[in-house]
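Engineer: Sequence:
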Amino acid sequence: MESTFLVRGKRVNVDQAKLKIIAFFQTQNITRTINIAKEHHGKLMGKKGAFRKDIELRTGARIHIPSIKNTSEIINVTGTRNSTAKAIKELEEIILKLKNVSEKEILIDQRHHGAMIGVKGKNVIKLQETFNVKITFPSPAATKNNLVKIRGLKDDVNKAFQSISELAKALDESLKFLKPGAGNKVVINDSKSNSC
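So for the sequence shown, UniProt numbering puts the first residue at 1; every next one is plus one.
To be clear, the hints were calculated from the coordinates, so they are not data collected in a lab. Take the hints with a grain of salt, since some may be wrong.
[What the hints assert, rightly or not] Derived lysine-lysine pairs resembling DSSO-like cross-links, with alpha carbons at most 30 Å apart:
1. 134 x 89
2. 99 x 38
3. 104 x 20
4. 120 x 134
5. 159 x 134
6. 134 x 99
7. 159 x 48
8. 120 x 38
Given these sequences and hints, build the entire structure.
Structural biologist: Right, here's the structure in full:
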């Protein structure tokens, strides 16, 4: 909400009054509210409030996010005009990103997990960096668990999903040739002899 003041008098006095009014309102704390879906409050808080505190340090505003038990979706931002404007802008940008976050699950034969992860995670790290996503494989202890999760921005997740699907299909095809009794022979060729 903008305030308008009409100041009359001598030019010098009007200019001084204008500067004092501007200084007063720039340093006065105000509270603005922003309506953010309850599902995003936890992400805005971060672990032990670290993410919220980080935003507060960057902007100079104080951010009050309702507790988990409180059903309110209203977040209060207190500070100067500039600091509250910066904080609200940053919160809106974060929410926009959170709304675009997606997660997909894909079933991949557990026999392929090791090849997809690679030595010391080299392959999965490359996939994650290429597509800017987080890829989670089930624990090796979880027997018969073929569910792999891909999380990130929607477009990135879709691209990663497509690439991983193609990789899994190629790995499935390579296993067909190694299945005993499938009619395929594995030939090991060396300089002395051929054996089947």
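Engineer: All hints, please: hold or fail.
Structural biologist: Hint-by-hint comparison with the structure:
| no. | hint | verdict |
| --- | --- | --- |
| 1 | 134 x 89 | holds (26 Å) |
| 2 | 99 x 38 | holds (13 Å) |
| 3 | 104 x 20 | violated (56 Å) |
| 4 | 120 x 134 | holds (16 Å) |
| 5 | 159 x 134 | holds (13 Å) |
| 6 | 134 x 99 | holds (16 Å) |
| 7 | 159 x 48 | violated (33 Å) |
| 8 | 120 x 38 | violated (38 Å) |
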